[in-house]
Amino acid sequence: MAEDYVSLLADLKENEVLKLTRKRLDAGEEAMSILNDSRKAMEIVGKRFTDGEYFLPELVYSGELLKEITEMVKPHLSQSAAKVKRLGKVVIGTVAGDIHDIGLNIVDFVLDVNGFEVYNLGVDVPAEKFVAKVKETGAPILGLSGFLTPAFDAMKETVEALEAAGLREKVKIMIGGGQIDDAVRKYAKADAYGKDAMAAVSLAKEWIGAK
Amino acid sequence: MKLDRRWEELTPEEKREERFKRWLSAPDVNFISPEAREGYRARVTRIIKAIKLEIPDRVPCQIPTGSFPAYYCGLDLKTVVYDYEALRRAWLKFALDFDSDTVGGAGFIFGGRVYELLDYKLFKWPGHGLPDDASMVQFVEAEYMKSDEYDAFINNPADFMLRYILPRTWGAFSPLAKLPPMNSFLGIAFLMLEAASRPDFRPMFKAIKEANKERARWLNVITEISQTILEAGYPSEGGGMALAPFDTIADMLRGTRGAVTDMYRQPEKLLEAMERLIPLSLQSATESANMALSPTVFIPMHKGDDTFMSDKQFEKFYWPSFRKLLLGLINEGLVPTMVVDGSYNRRLEYIKDLPKASVVWVFEKTDMARAKRVLGGHACIGGNITGSLLRIGTPEDVKKYCRWLIDTCAPGGGYILTLGASIDKCNPDNLHAIVDTAKQYGVYK
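Read top to bottom, the protein sequences are chains D and A.
With the numbering used here, letter number 142 in the first sequence gets 142, and the count goes up by one each step, no holes.
With the numbering used here, letter number 248 in the second sequence gets 248, and the count goes up by one each step, no holes.
Calculated from the structure, these hints are not laboratory results.
Incorrect hints may have been included.
[Said to hold, decoys possible] Reference listing, derived: stretches of chain D covered by chain A, where coverage requires no fewer than 3 residues with Cβ under 8 Å from a Cβ of chain A:
| id | stretch |
| --- | --- |
| 1 | 147 to 158 |
| 2 | 178 to 184 |
[What the hints assert, rightly or not] Cβ pair distances, simulated, as ranges:
| id | chain 1 | residue 1 | chain 2 | residue 2 | range |
| --- | --- | --- | --- | --- | --- |
| 3 | D | E68 | A | R373 | 32 to 38 Å |
| 4 | D | S78 | A | P279 | 41 to 47 Å |
| 5 | A | N427 | D | S7 | 51 to 57 Å |
| 6 | D | K170 | A | R217 | 30 to 36 Å |
| 7 | A | K178 | D | D182 | 49 to 55 Å |
| 8 | D | E71 | A | R22 | 58 to 64 Å |
| 9 | D | E68 | A | D97 | 38 to 44 Å |
| 10 | A | M192 | D | E53 | 37 to 43 Å |
| 11 | A | F139 | D | E136 | 39 to 45 Å |
| 12 | D | E53 | A | K178 | 44 to 50 Å |
Predicted, not measured: the structure shown is a model, and the values here were computed from it.
Idealized CB from N, CA, C, for every residue including glycine.
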């Protein structure tokens, strides 16, 4: 049943997977094991995205399915449910003055399903807020997103704010989004430019020393 | 002359020739000098030849205005959104200082007060939801149409726009949500009368009245700017405007999240709604183009790019309805001009499936060598000067890249040197570098 469940969800069969969730709950199964299966399915979704089989619609839709499953399972979740072990922390957000979040949320999703603990600060995030979150979490990786040309300066200012706070040496910074390219990476003094969400995963893994 | 024949009887080619002739002759324009008239004719001729895949005297170049004129003039976006005289000053200075082959008017710099009076919710701009120093207007995407409202839209789009979308996107029009359906032919007049007498509708009428007064002030300036630019010999950037049906749904109605989940949950409804949009978009784009001199129809393209959907999804959800819209525009003798965000490397073979020399594709990040290989000899292309190059590069970098673009894309004609997206701030010399390269390096021998 568990394997079916994983593949049904990875194949985005909404009706079947929700029916099966209900059935498993009714049969008294551990809520946590359903969530673990969901996580496995999301890993497959992330892999298919990386392989160019899935695109934005599949990521968004699978996110919707996961939300529905979590809603169903939540009331059955015991307080003592163990936390999943994570590879490392990543702070992400769209820089000040920019309110675009489609790319940001994709990066959030793929980092999450690849085992990272993601702190998504949302859009129009001022430099100080990035600094505060990096300080608070001790995250070794920061991802800055931006769609428009004004983001170039906002990224640069964010990097400089980290320098001023004495945190620059402790954090690797990746940037990406609409008009961003490697020239912007140099301009903003970031460590890497990722041309798509898959790049965010490989960069994060590389930086954290994971395979 | 075929002018005595009815418009409907003309072939698409004949209609387009009529439109080109009118664009070129600019019948009602009082040019400021014979040189301005000559300059205008030379510029329009260059663009027309590029569209037709013929060889012009040199590569045409276009600098889309964006919010750049404001910063070039030492002002900022916030100032020109609220101060129409500043807007006029900035746009005229830009138009005359940069010798671009087309110059956009200022119509897309909306009057900030007008939108405030009507409480427009789709845009954020400096001083209104964005910090004062923000240099671009930003779009607020949401599910303005709910997932269960497709039938209401499909059955009566005008009624749906009036009673659902308008009240949700313009605060001042929120009372319209209380109106009953606009279905009875006789009843509509009385509905209007009744609405006018209701106290909860009064703020709406007041807002319309005030916004209209303010808009008239704005429109006066916009019209004068366009006229002055034209009389100085610079053709305008475009005539009409349209969106691909999928983008209309994903940008304006359902939002990206809504539209892409509909691909799975209710694909038939999504397809039906897009089909429904084709004649409506066709009509509004044609009407707006008919009022302008230029027969081009500007179509910004957003959510069909290489990363937004798979080839299969593009084949099913993006291309068929969009292609129908394009064929409709071409049939009217218009020239659809697509500005394609992101990359279209995997889309080039699809989009080749249109009549030869009928459209213009302006790409942002698409591989231009590949674009030329696939579309060369078939459709006019341009673009790919990026915001990053203009913001961060030197004039020498820009020249070098423009020379590469010309070497790669210009041979055989069908090429316009232009930006892949509009720009807010950059070194003005970077824009001069584009025009200079077109003039010096882009000459066809």
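The hints, checked one at a time:
For the stretch 147 to 158 of chain D, the assignment as covered by chain A holds, since 4 residues bring a beta-carbon within under 8 Å of that chain's beta-carbons and 3 suffice. Chain A is given as covering the stretch 178 to 184 of chain D, and this holds because 6 residues of the stretch bring a CB closer than 8 Å to a CB of that chain, at least three being needed. For the pair E68/D and R373/A, the beta carbons lie near 45 Å from each other, so the given range of 32 to 38 Å is not met. Distance hint check for S78/D and P279/A: the Cβ-Cβ separation is about 57 Å, which falls outside the suggested range of 41 to 47 Å.
In this structure the supplied range 51 to 57 Å holds for N427/A paired with S7/D, their Cβ-Cβ distance being about 55 Å. With their beta carbons about 54 Å apart, K170/D and R217/A fall outside the hinted range of 30 to 36 Å. Taking the beta carbon of each, K178/A and D182/D are about 54 Å apart, inside 49 to 55 Å as hinted. Between E71/D and R22/A the CB atoms are about 60 Å apart, so this pair conforms to the stated range of 58 to 64 Å.
Look at E68/D against D97/A: about 57 Å separates their beta carbons, and that is not inside 38 to 44 Å. Remark: the range hint 37 to 43 Å for M192/A to E53/D is contradicted by a beta-carbon distance near 54 Å. For F139/A and E136/D, the Cβ-Cβ distance of about 32 Å falls outside the hinted range of 39 to 45 Å, so the restraint is violated. Our hint of 44 to 50 Å for E53/D and K178/A holds, since their Cβ atoms are close to 48 Å apart.
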